[in-house]
Amino acid sequence: MSFFKRFNRPLKSLGTSGGTRDLPSTGSPSSGGTTLPLADQLSGLSLSPDGTTSVPRSAGTAAVGHGGLTMLDALVSGITLSKMDRKAPKSRGKERVFKLDLLRRQVRWGSKRKPIELTTINLDDMTDVRAHLSYSVPASADRDLVDAADQRALSIHYTRGGEHKILDLICSSAYLRDEFARIIETIRAHDQTLDGRDYTMMAINTWIHRAWVAADANENGRVDLAECVAVLKSFNVALTKDEIKNLFRTHDRERRGWLRFEEFSKLCRDLRRPPRELAKLFDEITGGTDGDGLMNRDQFHGFLRNFQKEETLTDADMDQLFLRHSIVPDVWAADSHNAAVPSANGSTLMLAHRALDLSAFYMFLLSPQNAARKRRPAHTMDRPLAHYFISSSHNTYLEGNQLNSDSSVEAYVRVLQRGCRCVELDCWDGPHDEPIIYHGHTATSKILFRDVIQAIHKYAFVASEWPVILSLEMHCSSFQQAKIAYYLRNILGDMLVTDRAADGETALPSPLDLRRKVLIKGKGYVTVETPSDDFETASTASRSRAPSMSAQSSLLDYSGDGTASPTRRMSRMPTESTILASSARIVADPIDESGSGSPATPAPSSASPDLLALAVYMKTVKFGSFADADKSAEVDPLGYFCTMSSFSESASLKLARTAMVRWLAYHTMRISRVYPAGTRVGSSNYNPFPHWAAGCQLVALNWQTFDTGMALNTAFFEQNGGSGYVLKPEYMLDPTAARPRPLILTIRIMAAQYLPKPKDKSKGEVIDPFVEFELFDIPAPATPHAPASASLPNDWDHDAIDEPTFKYKTKHVTDNGWNPSWNEMTAVRVYNPALAMVRFSVHDHDLSGQDLVGSWAAPVAALNAGYRFLYLRNWKGKQSTDASLLVWIGIHQE
Numbered sequence: 001m002s003f004f005k006r007f008n009r010p011l012k013s014l015g016t017s018g019g020t021r022d023l024p025s026t027g028s029p030s031s032g033g034t035t036l037p038l039a040d041q042l043s044g045l046s047l048s049p050d051g052t053t054s055v056p057r058s059a060g061t062a063a064v065g066h067g068g069l070t071m072l073d074a075l076v077s078g079i080t081l082s083k084m085d086r087k088a089p090k091s092r093g094k095e096r097v098f099k100l101d102l103l104r105r106q107v108r109w110g111s112k113r114k115p116i117e118l119t120t121i122n123l124d125d126m127t128d129v130r131a132h133l134s135y136s137v138p139a140s141a142d143r144d145l146v147d148a149a150d151q152r153a154l155s156i157h158y159t160r161g162g163e164h165k166i167l168d169l170i171c172s173s174a175y176l177r178d179e180f181a182r183i184i185e186t187i188r189a190h191d192q193t194l195d196g197r198d199y200t201m202m203a204i205n206t207w208i209h210r211a212w213v214a215a216d217a218n219e220n221g222r223v224d225l226a227e228c229v230a231v232l233k234s235f236n237v238a239l240t241k242d243e244i245k246n247l248f249r250t251h252d253r254e255r256r257g258w259l260r261f262e263e264f265s266k267l268c269r270d271l272r273r274p275p276r277e278l279a280k281l282f283d284e285i286t287g288g289t290d291g292d293g294l295m296n297r298d299q300f301h302g303f304l305r306n307f308q309k310e311e312t313l314t315d316a317d318m319d320q321l322f323l324r325h326s327i328v329p330d331v332w333a334a335d336s337h338n339a340a341v342p343s344a345n346g347s348t349l350m351l352a353h354r355a356l357d358l359s360a361f362y363m364f365l366l367s368p369q370n371a372a373r374k375r376r377p378a379h380t381m382d383r384p385l386a387h388y389f390i391s392s393s394h395n396t397y398l399e400g401n402q403l404n405s406d407s408s409v410e411a412y413v414r415v416l417q418r419g420c421r422c423v424e425l426d427c428w429d430g431p432h433d434e435p436i437i438y439h440g441h442t443a444t445s446k447i448l449f450r451d452v453i454q455a456i457h458k459y460a461f462v463a464s465e466w467p468v469i470l471s472l473e474m475h476c477s478s479f480q481q482a483k484i485a486y487y488l489r490n491i492l493g494d495m496l497v498t499d500r501a502a503d504g505e506t507a508l509p510s511p512l513d514l515r516r517k518v519l520i521k522g523k524g525y526v527t528v529e530t531p532s533d534d535f536e537t538a539s540t541a542s543r544s545r546a547p548s549m550s551a552q553s554s555l556l557d558y559s560g561d562g563t564a565s566p567t568r569r570m571s572r573m574p575t576e577s578t579i580l581a582s583s584a585r586i587v588a589d590p591i592d593e594s595g596s597g598s599p600a601t602p603a604p605s606s607a608s609p610d611l612l613a614l615a616v617y618m619k620t621v622k623f624g625s626f627a628d629a630d631k632s633a634e635v636d637p638l639g640y641f642c643t644m645s646s647f648s649e650s651a652s653l654k655l656a657r658t659a660m661v662r663w664l665a666y667h668t669m670r671i672s673r674v675y676p677a678g679t680r681v682g683s684s685n686y687n688p689f690p691h692w693a694a695g696c697q698l699v700a701l702n703w704q705t706f707d708t709g710m711a712l713n714t715a716f717f718e719q720n721g722g723s724g725y726v727l728k729p730e731y732m733l734d735p736t737a738a739r740p741r742p743l744i745l746t747i748r749i750m751a752a753q754y755l756p757k758p759k760d761k762s763k764g765e766v767i768d769p770f771v772e773f774e775l776f777d778i779p780a781p782a783t784p785h786a787p788a789s790a791s792l793p794n795d796w797d798h799d800a801i802d803e804p805t806f807k808y809k810t811k812h813v814t815d816n817g818w819n820p821s822w823n824e825m826t827a828v829r830v831y832n833p834a835l836a837m838v839r840f841s842v843h844d845h846d847l848s849g850q851d852l853v854g855s856w857a858a859p860v861a862a863l864n865a866g867y868r869f870l871y872l873r874n875w876k877g878k879q880s881t882d883a884s885l886l887v888w889i890g891i892h893q894e
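Each residue of the sequence shown is one higher than the last, beginning at 1 in the UniProt record's numbering.
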């Protein structure tokens, strides 16, 4: 019986399992109370100081049978669900008992063959929980049965070791599915809203409970010395075996040779002490010794003003922060004669009874209220589209390299949920008259165009309400193009832009005008049957004569549709056709889609009028020269801005190096798209910064690879609330606007804490970390009307604008990933603080290479001054809640 047939029939009552293996009860570290039973921890909606979360009983109190057992009780005790095997969609599936562990913030299931780390999902590693099957269900599955099972399906999307994973489950009822999803999402949402001391306490306690599970490998409720040494080594703790042995004995006061959970918890807390650099700072402010002082309200205000340069906070704001993070010291608790300070709202707050000890001060510095990035107001969204940088993806469908990796509908969902606003669809003729998407003439797998559009319809505006652009690379016959147009119109419906917003437009509409709309970016010609990839065969090439190389050589560098092919051996051969580009007719010459430098070839077919009509504001045409662009604007002043061109990374760089002023001016009215070189078969990324500096709006990257380019892109588009749209600096848009004033940026790299091991080295030796600091900066041109030679300062290296402007590298610290210290300082002049970016990266110094441990990036304009913790992203881009770099940032305006 197939998996889906089996679960298309009614199931018996909800399956539950016996009790879960709970941790021993332990006193709360700050309240001295006793941990409540798991089910009782979910009453109310507050966070206990020991890190347990409570969810309203309404989220899980409905009985599910079994003597009035609530849904929450059932999840804690264990429920039987069926786990779908995507590799065997016609199999019976696998029944497993799933449990929700609140203390560890985990969902886990039983397996006889797999280790616990492969059958456990941390709630903070979940990226999405959906009440339907994932889009990764194989095409070989019976679609009718899939649709039926989908009514009771739950898909959990998460990361493990940096890799994206999906767990598809079939529940016995839609009710069970909905309640399971709701309880998990309520806990996750609650944890994400925590701040201040609550957030830090929750994170620390969750880590301790997970560490206990990792240490107590044989599940006997005790951790011996060998288990303690192993787990601390996996955490990169910089202690010798003798030092760990002494620490172990300190907490094993009864000399049993093993620790209970309470003792292990205290050992972990001893390890998580503040960096010694912060203890020295705390002593400087409080006058204490070795961190034994107390920071009162006035000292806290002084710290925020003088050290952290918090110029926008009022006294009332600082009092609220003080109340949120301070404690009532034991030595003050009985003192009833301290003065009360009235708050801004008239209530009386006993501020004088409170203070920050070193631990509370440390927790404040770790908290979101002390973030390294400024909380800046949202950008105005009523300017023309060309005035914004737009978060863009290249070959969105690919999960890995450009040659033989999987294509995935889920890849579109992931980038849309991360704020991407321009996705690429490589469209080819598929079997049964169904258009498909894949990287043509490679071994990459194929997905249905229809499935992708259905996913876009559902997820386009979940993370951002601003317009989404579908960049179509068209290789289909006119018949399947017409089917593509049909799917776009009928699936997207009112979302799809099918006509211009108003007559007489003199510029592109704004994101506000196009809110929750989908735009089509398309070319005015089509490739049919003629291979258009670098893996073209010789026999095919002989059938298609290319135009003269000399006739087009001056245009080849500046042509393309935004997608590069795997190698540069042979060219794509698109068909020449005529397109109605605006109110005037523009002939779109055949151009090289791959950026390979070879001319295009005519073909005997024409594009589908239905599809051409959908490219309303983004009709792709060949770029010849700036003079040609100026002429088209004169010929068609009401339509030229609706045409756009795509450029390879090298072509865009060439324009930025030789004609930055003209390149910037071009982008005040028109949109361009930049795409990676065809040689990047491993899906690596170029540096997007010089293209942003030139005003390019759609700088498309391979989102599946989190390298330096993608790290900068992620940080850049965290601006404006992660909406995927960032308004350009005013100097790029207004010839009379003032140019940014340079500043001096001083960085003191102080210490790091809780660093993970690099990719694929989880069981290796303790790391030897060092830090690299990079600045990316290009000065603003003196004036938009200056000649090309005045684009950049005379002493600026025009050829190196795609490299970091400045680099600094610390020494490495031997065998310490837990709390390494550097205390090294550097300073650099930033010429264009309106656009410049910084990146910090931590690497493992190793004879075999310098593997990335984690990185953090931000625009210079978004930096807060003072002492800040930078929470690192791993090699796949997931931000840690633990691993961080402590820096001091100094900003001096010249």
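For the record, the hints were derived by calculation from the structure and aren't laboratory data. Just so it is clear, CB atoms sit at the ideal spot from N, CA and C, and this is done for glycine as well. Honestly, I wouldn't trust all of these hints.
List of simulated lysine-lysine pairs, PhoX-like, C-alpha gap at most 25 angstroms [what the hints assert, rightly or not]: (1) Lys83 to Lys114; (2) Lys83 to Lys94; (3) Lys165 to Lys759; (4) Lys757 to Lys631; (5) Lys757 to Lys811; (6) Lys280 to Lys241; (7) Lys654 to Lys757; (8) Lys809 to Lys114; (9) Lys761 to Lys241; (10) Lys757 to Lys280; (11) Lys245 to Lys233; (12) Lys374 to Lys165; (13) Lys309 to Lys374; (14) Lys233 to Lys309; (15) Lys757 to Lys233; (16) Lys759 to Lys811; (17) Lys309 to Lys266; (18) Lys245 to Lys266; (19) Lys807 to Lys165; (20) Lys759 to Lys654; (21) Lys761 to Lys165; (22) Lys809 to Lys759; (23) Lys241 to Lys165; (24) Lys809 to Lys876; (25) Lys878 to Lys233; (26) Lys309 to Lys245; (27) Lys165 to Lys245; (28) Lys446 to Lys458; (29) Lys374 to Lys878; (30) Lys807 to Lys114.
Computed Cβ-Cβ distance ranges for the label pairs, DEER-style [stated by the list, open to error]: (31) Arg160 to Asp630: 49 to 57 angstroms; (32) Ala189 to Ser478: 15 to 23 angstroms; (33) Arg515 to Arg273: 47 to 55 angstroms.
Checked hints:
Proposed proximity of Lys83 and Lys114 is supported: the alpha carbons are some 14 angstroms apart, at most 25 angstroms. Distance hint between Lys83 and Lys94 is fulfilled; the C-alpha atoms sit about 5 angstroms from each other, no more than 25 angstroms. In summary, the hint linking Lys165 to Lys759 is supported, as the alpha carbons are separated by about 16 angstroms, within the 25 angstroms threshold. Simply put, Lys757 and Lys631 have alpha-carbon atoms about 57 angstroms apart, too far for the 25 angstroms limit, and the pair is violated.
About 18 angstroms separates the Cα atoms of Lys757 and Lys811, which keeps this hinted pair within 25 angstroms; it holds. With a C-alpha separation of about 28 angstroms, the suggested pair Lys280 and Lys241 falls outside the 25 angstroms cut-off, and the hint is violated. A C-alpha spacing of about 39 angstroms is found between Lys654 and Lys757, which places the hinted pair above 25 angstroms, so the restraint is violated. With a C-alpha separation of about 42 angstroms, the suggested pairing of Lys809 with Lys114 is violated against the 25 angstroms cut-off.
Between Lys761 and Lys241, the direct Cα distance comes to roughly 20 angstroms. Compliance with the 25 angstroms bound is thereby established for this hinted pair. At roughly 29 angstroms between alpha-carbon atoms, Lys757 and Lys280 are farther apart than 25 angstroms, so this suggested pair is violated. Pair hint Lys245 plus Lys233 holds up; C-alpha atoms about 13 angstroms apart against a cutoff of 25 angstroms. Of the supplied pair hints, the one linking Lys374 and Lys165 is violated, its CA atoms being roughly 33 angstroms apart against a limit of 25 angstroms.
Among the hinted pairs, Lys309 with Lys374 is consistent with the structure: their alpha-carbon atoms are about 12 angstroms apart, no more than 25 angstroms. For the proposed pair Lys233 and Lys309, the alpha carbon gap of about 39 angstroms is over 25 angstroms, so the pair is violated. Straight-line distance between C-alpha atoms of Lys757 and Lys233 comes to about 10 angstroms, which keeps the hinted pair within the 25 angstroms bound. In summary, the hint linking Lys759 to Lys811 is supported, as the alpha carbons are separated by about 22 angstroms, within the 25 angstroms threshold.
Proximity of Lys309 to Lys266 is assessed by CA-CA distance (about 36 angstroms); at most 25 angstroms being required, the pair is judged violated. A distance of roughly 15 angstroms separates the Cα atoms of Lys245 and Lys266; the hinted pair therefore holds under the 25 angstroms criterion. Restraint check for Lys807 and Lys165: not satisfied, since their Cα atoms lie roughly 36 angstroms apart, outside the 25 angstroms limit. Proximity of Lys759 to Lys654 is assessed by CA-CA distance (about 35 angstroms); at most 25 angstroms being required, the pair is judged violated.
Distance hint between Lys761 and Lys165 is fulfilled; the C-alpha atoms sit about 20 angstroms from each other, no more than 25 angstroms. A distance of roughly 21 angstroms separates the Cα atoms of Lys809 and Lys759; the hinted pair therefore holds under the 25 angstroms criterion. The hinted pair formed by Lys241 and Lys165 fails the criterion: a straight-line CA distance of about 36 angstroms is larger than 25 angstroms. A C-alpha spacing of about 23 angstroms is found between Lys809 and Lys876, which places the hinted pair at or below 25 angstroms, so the restraint holds.
Of the supplied pair hints, the one linking Lys878 and Lys233 holds, its CA atoms being roughly 22 angstroms apart against a limit of 25 angstroms. Using a Cα cut-off of 25 angstroms, the hinted pair Lys309 and Lys245 is violated, with the two alpha carbons roughly 44 angstroms apart. For the given pair, Lys165 sits about 38 angstroms from Lys245 by alpha-carbon distance, which is inconsistent with the 25 angstroms threshold. Between Lys446 and Lys458 the alpha-carbon distance is near 21 angstroms, which keeps this suggested pair within the 25 angstroms criterion.
The suggested pairing of Lys374 with Lys878 holds, with an alpha-carbon distance near 20 angstroms, which does not exceed 25 angstroms. Proposed proximity of Lys807 and Lys114 is contradicted: the alpha carbons are some 45 angstroms apart, above 25 angstroms. With their beta carbons about 53 angstroms apart, Arg160 and Asp630 fall inside the hinted range of 49 to 57 angstroms. The beta-carbon spacing between Ala189 and Ser478, approximately 48 angstroms, falls outside the hinted interval of 15 to 23 angstroms.
Taking 47 to 55 angstroms as the suggested C-beta distance range, the pair Arg515 and Arg273 conforms, at roughly 49 angstroms.
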